[in-house]
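Undergrad: Letter by letter, the chains look like this.
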Amino acid sequence: MSNVPTNLCYAKSHEWLKVEADGTATVGISDYAQSSLGDITYIQLPKVGTVLKTGEVFGVVESVKAASDLYAPAAGTVIAINAALDGAPETLNTAPYEGGWMLKLTLSNPGETTTLLAAAAYEQLLG
Amino acid sequence: MSDLHRTPLRDFHAAHGARLVDFAGWEMPVQYRSILEEHKAVRRAAGLFDVSHMGEVDVRGPEAGKFLNYLVTNDVAKLYPGRVLYSPMCYPSGGVVDDLLVTMRGPDDYFLCINAGNVAKDLAWIREQSSPFAVTITDRSDDYALLAVQGPRAAEIVQSLTGAKLGLVQYYHVTEGTVAGIHCLISRTGYTGEDGFELYHAAGDAVALAEAVLAAGAPRGLELAGLGARDSLRLEAGYPLYGHEITQDISPLTAGLGWTVKLDKGADFIGRDALVAEKKNGAVNKVVFFKTGDRRIVRAETPVLGANGTIVGRVLSGTLSPLLNESIGSALVTVAAAREALVVDIRGTKLNLHLVKPPFVELKKATQ
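Heads up: the protein sequence lines correspond to chains A and B, in order.
Counting along the first sequence from 1, when you hit position 14 you're at 14 in this note's numbering, and nothing is skipped either side.
To get this note's numbering, take the position in the second sequence, counting from 1, and add 127.
Next comes chain B alone, as it looks inside the complex (with noise of 0.2 Å):
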C-alpha cells in the first residue's frame, strides 16, 4: 500500500490493531476491534475517528460569500461568523459534485470541508467557477488533520480536555480554543448522527491529540472507531454518502435533500434552473430508504424489483444495522414503484423492503 496516502495517525492506527485499507487512495482504518462493536461503542459512550483524510479549503476575499452562494445550493447569506452549513453543490445538471460543509470563520473568510475522494475534482470545479469572482482558493487539505469525537459522552470527554466552553457551542456552530494545549477549530459537526465534535488541528498535533483524547475517552468508554463503523452509523442516521445517494446523476431533490436547496434563496446559483425544472416537472426516481426484517445485508448495486418482478431500481447501500440486528439500506427507485411493495433476491430469497424514513434508529443529538 505503498503508493496510498497516509494521515499522520497512520502508525497510530497501526500500533493500535487497526486493520488498514484503501479508502480513496488513502491507507485508513476500516476497523480497529469489530465494526460492529465500535458502532455500538459511538452510540453508547464514544468514538474517536481519524476523518484527515477529507479535504479542507479556505474561500477568502470580498466577495467569498456571494461566490460560496453561487457555488452551493444552500443559502450561504444566512451565515454569521461560527456557524457551519451542510450543502451539496451541484453541476448545471443538478447532480452532484461533492457535499460539504461551509464553516464561516469571519468576515470574507469561509473554510469548505470536502470529501477525501473528491478533492482534485472540487479544487478544479471550485476555482474555475471561481474565476469572476474576487475570492482566494487555497487547498489547505495538507496543513489540517481532523479528528472526530462521537457520541453521547463525546462533549464531556472533549470538555475535560479544553477550557472552551462547549456548552455555549451550539449543533453545527464552531468556536476556536485548545484542546489538549493543540490549537484547535472546534466544531460541533459530525457525520454519525450523535452529538459530538469535529476537531480540525495542525497535521504534525494530530498523534499528541489523538492520544490525549484516547486517554481522556477511555475511562468514559470511548473506543477507535474506524471507517467501517463510520458507514454503518451514517447509514442508520440516514446520512447521504457522495458516490452512493448522491452522485453526478442522483440530484439533491432526488436524494431527498431539499432542505439543502434553496431554490428561493435570492440569488443564482449552479444547478438552480435544472432543480427549478426537477421540482416543477417531479423526478423520475427516488432514494428510499429501507430495512428488511432479515439479517442477510442488501449490498450496492443489488437489483430492486417491483410488485409484478420487473427491475424498478437498484440499491446504493447496505449493511447490517448493528443496533436493530437487521438490514439496512438505500435504494434509487422509481418514483411509480416507491409506492408499492419492492423486493430484492439474496441469493435465490426473495426479502421485501420496507420503507423507512431515516433515521432508523432514534437519535438524542441537538437539532441544526
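If we strip away everything but chain A, and leave its shape as in the complex, we get (with noise of 0.2 Å):
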C-alpha cells in the first residue's frame, strides 16, 4: 500500500504540491511514484528563478529501471530546489514526502491547487 498523506494535492502524473502557510508550494513525487520507479539514481532539477507553465517538465528523474519526465503540478516560480537529492538521490526512495522534495514555488496562481486531487481521489486513482 502506498502513503499518500491526507495534506497533500496530488497531479495524475504523481507529483504531489503542497501549499505552505506562507503561500508557496513544495514539489515533489509521492510514494507510489518512487516505488513504481525501483532505485532512484539521478534527479535533474530547473534552476532557480525558472518559470514554470502547469504540465510543462521540470525535470527528470531517473531509476535503474528508466528515466521520467516530471511535470510542474501548477504554474509557479521555482524559488529553492533540493540540493541536497544531487548527491543523494535515493532519499526520493527513502523519504519521498520529506527529505526528498524538489522544489519551492511562488504560485503563479494560488487558486489554481484546486484543480489537484485531494488524497482520496489520488488514492482512489492508484486503485
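Source of the hints: derived by calculation from the structure; they are not laboratory data.
This list has only true hints and no planted wrong ones.
Pairs of lysine to aspartate or glutamate residues, derived as EDC-like cross-links and limited to a Cα-Cα distance of at most 20 Å, are as follows:
no., chain 1, residue 1, chain 2, residue 2
1, B, 167, A, 90
2, A, 65, B, 154
3, B, 418, A, 86
4, A, 12, A, 56
5, B, 167, B, 322
6, A, 65, B, 149
7, B, 406, B, 202
8, A, 65, B, 472
9, A, 65, B, 164
10, A, 65, B, 428
11, A, 65, A, 90
12, B, 477, A, 69
13, B, 413, B, 428
14, B, 406, B, 395
15, B, 418, B, 472
16, A, 104, A, 22
17, B, 477, A, 86
18, A, 104, A, 20
19, B, 413, B, 467
20, A, 65, B, 421
21, A, 65, B, 453
22, B, 205, B, 235
23, A, 12, A, 123
For clarity, every value in this text was computed on a predicted model and none was experimentally measured.
Two independent chains are provided; combine them into the complex using the hints.
TA: Here you go:
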C-alpha cells in the first residue's frame, strides 16, 4: 500500500504539492511514484528563477529501470531546489514527502491548486 | 502474468516481498528491497539468487565429448570429470547461438546450462547438429531448480550446510553432495564476479533449500537478490549477457571473448572458418566497456558518437555501478573509433565515455 498523506494534493502524473503557510508551494513525487520507479539514481532539477507552466516538464528522475519526466503540478516560479538530492537521490526512495522534496515555487495562480487531486481521489486513482 | 513460466520459488519470492516481472517468459524477481542494496550485499557478504529459469541439458553417449567439441568454440577435450567450461556456441557465420557452461560429470556424460530465453532455440540447434554423432540429448530444464549463492561469504554459508569439502572444489569445478540434506550438484561458478556456488537440485526441493540457505546466510549478511542486481553485478564484472554483448550478429571475437575461441584445438567446430577469417582480416567492430564519471545511466541502444559527432556505434548494456557510483556500460563501436574520443548525448548533455578494461571493480574471486 502506498503512503498518501492527506495534507498534500496530487497530480495525475504522481507529483505532490503542498501549499505552505506563507503561500509558497513545495513539490515532490509520491510514494507510489518512487516505488514504481525503483532505485532512484539521478535527478535533474531546474534552476532557481525558472518560470514553469502547469504540466510543463521541470526535470527528470532516473532509476535503474528508466528515466521519467517530471511535470509541474501548478504554474509558478522556482524559488528553491533541493540540492541535497544531487548527491543522495536515494532520499527520494526513503522519504518522498520529507527529505525528497524537489522544488519550492511561488504560485502564479494560488487558486489553481484546487484543480489537483485530494488524497482520497489520488488513492482512488492508484486503485 | 498467468501465461508466464514460474520457478518452484515463485511463492517464496512473493512472500519475501519480491517485485515479480516478465523475464524471458518467466515470472521472476527483479528485486526484493533495492537493486542497489542487493548488489552491495553480494559484494560485501553474500546474495541468494533463484536462477531456476536457466535451462539444463544432458549430453550423453560415446561421442558426447567429440560432439560438444564440434558444437562449441572452447576446448571441451580439456575437461575431466568435475571440471566446468564456459563457452560460446556459434553459427557457421561466427555469430553466437548462446553462451553456456559445459560440465563434465563423468566419462561420456556432460551437462549444459543454457540461457532461459534461448532454451527452445538451443535445443533445436543442438539436436540438429548432433544427428551425425552417437549422443543422446535430454532437456532437463523442468527437472532442475538452480540457486546461486554468491559473495565473499558464500563458501562459509554453503559449507555450514554440507559435509562436502568445499575447500577442495576449485573455481569452475563441481562436486556432488547434499546441502541441507538435499542432493545437489555443487558448482563453484557464478555470474557476479564473486566467489560462490550454483546449486543444481530437484525442482521439488527448491523451497526447502532456499529456506535453509537463507536461514544459514542471513546472520552472515546474506540477502535475497533479484535479477536486477544479477545484471548490474555481471556488468560490473565485465561478463557478457546474451542478446547484448554477444548476439547472432556479434561474434565472440568481436565481443572480446577470444580466450573462449580455440581455433587451434585440433578439431573442427561450427563457426571456425568465419572466426579464422575474422581473426585474420580484423573485425570492423569491437565491444568496449566504459564508465562516464556521471550518474546518468547510458541505456542500451543509445547511439555512440565519434570525435566529429558522427554515429560510430551503439550502447549494448548500461547501468549505474553501485560501487563506483557512476554509470558504466558496454558499446559496440568501430575499431577505428575506439581509438578516439567517444561521446553519448543523454537528454542534451554530452558525456564522454572513458574506456575501461573490465572488471570495473576489484574482484577477489579465484581465477578460472
